[in-house]
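Colleague: Using the sequences plus the hints, can you model the full thing?
Per this note's numbering, residue 738 is the first one in the sequence shown, and the count goes up by one each step.
Hints are computed from structural coordinates only; laboratory data are not their basis. Note that the structure is predicted; figures quoted are calculated from it, not measured.
Below are the DMTMM-like pairs computed for lysine to aspartate or glutamate, each with C-alpha atoms no more than 20 Å apart in a straight line:
1. 811 to 902
2. 975 to 886
3. 943 to 971
4. 973 to 939
5. 917 to 886
6. 943 to 979
7. 917 to 836
8. 917 to 907
9. 899 to 836
10. 899 to 864
11. 917 to 902
12. 975 to 836
13. 973 to 836
14. 806 to 923
15. 975 to 939
16. 973 to 886
17. 928 to 962
18. 899 to 815
FRET-style restraints, in silico, Cβ to Cβ:
19. 963 to 862: 39 to 45 Å
20. 993 to 842: 53 to 59 Å
21. 873 to 965: 23 to 29 Å
22. 871 to 1003: 55 to 61 Å
23. 942 to 843: 32 to 38 Å
24. 977 to 904: 44 to 50 Å
25. 995 to 936: 46 to 52 Å
26. 903 to 948: 41 to 47 Å
27. 843 to 806: 16 to 22 Å
28. 1005 to 886: 41 to 47 Å
29. 938 to 845: 18 to 24 Å
30. 843 to 941: 27 to 33 Å
31. 979 to 923: 41 to 47 Å
C-beta: ideal position from N, C-alpha, C; glycine also.
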Amino acid sequence: MNKQMTGTVESQAKHRLVLKTGVAVLAAAGLLSSASVWAQAAAEKTQPADAPTDAATVVVTGVKASLIKSLAIKRTSDQVVESIVAEDIGKLPDNNVVEALQRVTGIQVTDRAGGEVGTLSIRGLPDVQTTWNGRTIFTASGTQVALQDIPSTLVRQIDVYKTRDASQLETGIAGQVDVKSLRPFDFKGQKISLSARETYLEPANKANPQLSAMFSNRWQTGIGEVGALVNLSEVKTKYRNESVTPGAMVPFTSPNAAEVPAGYTPLQRIFDNNIWTPGTH
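Modeller: In C-alpha cells:
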C-alpha cells in the first residue's frame, strides 16, 4: 500500500510539474509575441514621415464657370445687362465679337456681306454705341465699331447694356456694347496662348483657317511694374452668296455689234412702248 501510494503521489507531482512547465513556456511565448508586436508598432510610430511634396494645382475653367460668371454679372448689376465671358484665354465660342453677340437675348445681327456678320441691333434699334474697355471709340461711320474686325482671341468679356445709367457715358438709343480685352495685368506672369481653328463653309465648299497667338508678360522696373500684351490673328474667309433680286427689267442691246438691230448701238438701253420679251431685242 505504501509503495503504491508513494508511486501515485510521485506521478501526480511529475504531472503537475509538466503542466506548470507548459504553462510557463506558453506564457513566455505570449510575452515574446506581444513584445515583438509592441516593438514593431513602436518602430512604426517612431519612423520619420516622408517630407510633404508640393502638389501641382490644376485649375479648369470651362463652360460652366463662364456661365456662372455671366449670371453673377447680371445678378449684381443695377441695369439690364447681358454678358458673355470667355471660357478661357482665346476661347470665345465664335470667330468674332458680332457672332458671339448673336446668341444674346434681344440682339439681332444683320448685314452678312462678305460671309461675316457686320452690324447688330438691340431690340430692333440700330443705334448702338460701342466702347472699348469703357472708353468711347469714334469711327468714320459714327460711334459703332466694325466688331467683326475684332478677333475673339483678344476678348475677355462682352457686356451689352440695354438700359442707361448715370455712371456710364452717353449710350446710343438702342444701348451700349462694351468690349473688354485681355490685359497683361490679368495674368500673374508670363502667358503664351496659341490657337488654331478651321471653319468649313458648305455653300463655298471651302475650309477657312483661323490662327492666333497671344503673348503677355509683366516686369518690375525702376518706375514700377510694366506689362505688355501682343495678340496676332489671321483669318481667311472664302464665301459664296446667292441672292435673287426681283424687279422691273430694263433690256439692253447685245454687246456684239453684228446682233444689234438697226438704230441701236451695242449695250444701249431699249426704251420703247413695246413689251420686251426674253430672246428679242
